[in-house]
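*Asks:* The lines below spell out each chain.
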Amino acid sequence: MTDFIIETDQLTKSFKGQPALRGLDLRVPAGTIFGFLGRNGAGKTTTIKTLMGLLRADGGSARVFGISVTDGGGALEKRTIEVRRRIGFVTEDKELYPYMTVEQIIRFTRPFFPKWRDDLEQRYLKMFDLPPKRKIPDLSKGMRSKLMLLLAISRGAELLILDEPTDGLDPAATEDVLRELVAIAASSGTTMFFSSHQLSEVELIADHIGIIERGKMIVSGSLDDMKAQYQRLQVVFASSVEMPARWAEGVESVRQEGRVVSILASHNVDAIVEQARSLPGTAVERYPVTLKEIFLEHVRSN
Amino acid sequence: MLLYKGWLETRWRLAAALGWAAFGLIPWVPESDARRASTLSAIFALILAGAGIVTERSLRASKGLHGSTYFTLALPVSRVRLFSIRAYLGWLEMTAAIGAWYFGIWILYPQAVARAAVTLESAALVVVGASALYSITLLLATFLEDQWRLWGSMAVVAGFLWFSDHSPFPASANIFRAMGDGLHLPGPAAPWTAIAFAVELTAILIFAAVKVVELREY
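Top to bottom, those sequences are chains A and B.
Be aware that the first sequence starts at 1, since it is given in this note's numbering, and climbs by one per residue.
Be aware that the second sequence starts at 1, since it is given in this note's numbering, and climbs by one per residue.
This is chain B alone, in the form it adopts within the complex (with noise of 0.2 Å):
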């Protein structure tokens, strides 16, 4: 039932997520165009991450009211499994988009793509990439109220995706500019050192995120 809450909270999030989907593939120039990728997974990690219990506080925390938090934290559950049910879907949800888009540019510009199989590594890698931009704003989301988690995590992650770009790091060690090559990448050789890099941060977010939640007094 925490999933169908979930999608009741998100499903206008996912159709804003696919609206996105749908501008970036207007127009489809892959060359001039290759930071397009990580833009829109930033954009899908800003819409569909969300803590739940904040996001419900916020909702009336203008008026000095707690919103529904109360009547969800006083169900038998734990509030790690209330957490990341909600991290889950939107992650599902995030990926969805991103496969939405992917499967946009292989039906509308098939000479972009030279093989269906590496379309599918490049949308992997990409939802890799998105996973830890996904993972840091999920963690603002933990102690930032909505309005603020918003600008917050906009300029959180836009500082990552600037500092990414100006870091010494090759493709082959930034998930972010590997993600920018996206479609172009050279056959097998998959950046390794970027996607371990991507995991490990993804993880790190994750684990503070849930060690918030589990402490913080609502």
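So that you can see chain A by itself, here it is in the shape it has in the complex (with noise of 0.2 Å):
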């Protein structure tokens, strides 16, 4: 068994010269929840379909399950489609069948997947509350999206993709759907990679997060670690504000605002908050900091 249920190194691809993933290095270890967060045309779904062996890296390894996905070679073809045989797949688009009603596409899935699992399709059938005679394009886009989770998830798949799984979707059904994601992963030990740009979703059930912007891993690690790591300080000058020279290592940014300033630091606070309150007539305070404060000021600095 690895360590690792997706591991890729200096994964590269490009269209028509313009690089989409420049040097991947992506490690979403067995068992978690990995949000895989960027800004638009970051490198997610890119990475995402070769994953799946939907598009050709130019550069670099993946493996998926210790399989590879990027060897050429005639049994690539053949790895990628028992890769795909073990993953359950939200698509970006959510689009299906136009022709088929929703028990027609169920019944055509599921023999693709030797670990179908009847009980999930039946029970989120219910859940969902989706009418199996129904036309796929008379589904709202929340449906179509609940549908192509029962698709994913029935399949019995040890690794869920999802790419914006809760795409369309209400705030109440976001809140079961996520629910029932943690209680899958917790009941069946079913990792899932997934890429949302809901901060405050990823924030709720990812246990690991990775930020990749222009292609690159920019920050990956258990989420708990990094809000422990990251912090937020407020620095009260009592009168005119003293900034020292250069502010001790781990400072990702400062912000300030008349006589209060604001620190963000990543690692390293103890040390920040000594020399803060080594400054003249200063009160320094701690906060706790967000996921989207983390990951804003990451992609904004790079």
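Read the hints as simulated data drawn from the structure, not as lab findings.
Yeah, the Cβ is synthetic: ideal placement off N, Cα and C, and Gly gets one too.
There may be inaccurate statements among the hints.
[What the hints assert, rightly or not] Ranges between beta-carbon positions, derived for each pair:
no. : chain 1 : residue 1 : chain 2 : residue 2 : range
1   : A       : M127      : B       : Q147      : 35 to 41 Å
2   : B       : Q147      : A       : P137      : 18 to 24 Å
3   : A       : Q10       : B       : V212      : 28 to 34 Å
4   : A       : G17       : B       : I204      : 57 to 63 Å
5   : A       : S14       : B       : A203      : 31 to 37 Å
6   : A       : S262      : B       : Q147      : 22 to 28 Å
7   : A       : Q256      : B       : V212      : 35 to 41 Å
Got two chains here, separate frames each, mind docking them using the hints?
*Replies:* Below, the structure written as structure tokens:
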């Protein structure tokens, strides 16, 4: 059993000379819920398609379940088919066959996946209130998202790759889906790799995150560790602000508003607090940071 | 299940092809309408050929979406299998439409048919010729979006038929002219050179289509 369900090393991919992935290093530990974050065009969907074997990498390597999905040779397609058989996938577009009904697409998908879970299929049909006889174009966007989730989850997959899984869902449905995803991960040990722009959702369920920017991984690790390391310090000066010539290592950003200086620290927080307290007439407060603050800080500084 | 999917995708196309087959029966004047077999075959090929994946994307391409392309490609199935099952189904449907047309001739115009065996030979010849036209449209369907596929295929097939009409090759070596002669095949003397040419052309074009499907990124 590999420690990482997904591993990429220096993965590169270009489209018509435009680089989409520029040496991506990604590690997704088995059994985790991994939030894959990045701005539009950062390379999230290209990464997912490469891992699924839908795109061919230009360079570097990628392994899913320890199986290479990038190394050439005649057996590559065979390997990617094996990988896809073990993955539940929700596409970004949430587009399904317009000529099928809900029950037809379930009947169509089921035979491709030997570990198909009839119990989960029935459970989510009921829970998501999906009408079996309704044609797919007559479903709302939210219902299509739910149907895609049903088709992905019922595969009995070892890995769920979800590209914006809650896109189009109302807040109540979003909460239901997130709760179910956590329950699935907890009960079956399924690894989840999901991309989302909804940072509050990611923060709610992910235990690991990776932030991709311009095709490179800029931050990756356990969310708890990250939140323990990152802190916001508020330094209030009694009179005029006298900043040090150079802040201690670990300061990611400094913002000043009047006599108040806000510092985002990624590590070495105690030393930074000491430095701030040594300045004349200061009061220093420490605050926890949100995932949104960490994300924005990193993508802006890159 | 891919056949089931293909059937749901193409059943209205098959209905349209059968409609054309019915239309092709009226009025039936064999002596003045020798081109009808090749024209109808071209229509069947144009209607029924589709490469599946590109067609799926074309449904939503105008909205900047990929349609159901990625859902299909994410299935644990090779691209060649996806393509070949769709291509095979389209070919079967084309053959069924040609068969329906010949059956109509046999029922409605018995005077135009010398013997049932001749009708079968003639239908088989048309299937071989139609397969070559089908493989042209199939190859084009692997890289042309649906809206361009129809016009592009029409232009290429029309050019191909025009060239075959104006080429110096006799009917014995020209499947499309032999198809036009359809019901008037001179007994057992089948145009083997023409058949061999059509089979070779079909094989080459399908091989090229498979290569495009294998290498293309969607």
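*Asks:* Which constraints among the numbered hints does this structure fail? Numbers only, ascending.
*Replies:* Of the numbered hints, 4, 6, 7 do not hold.
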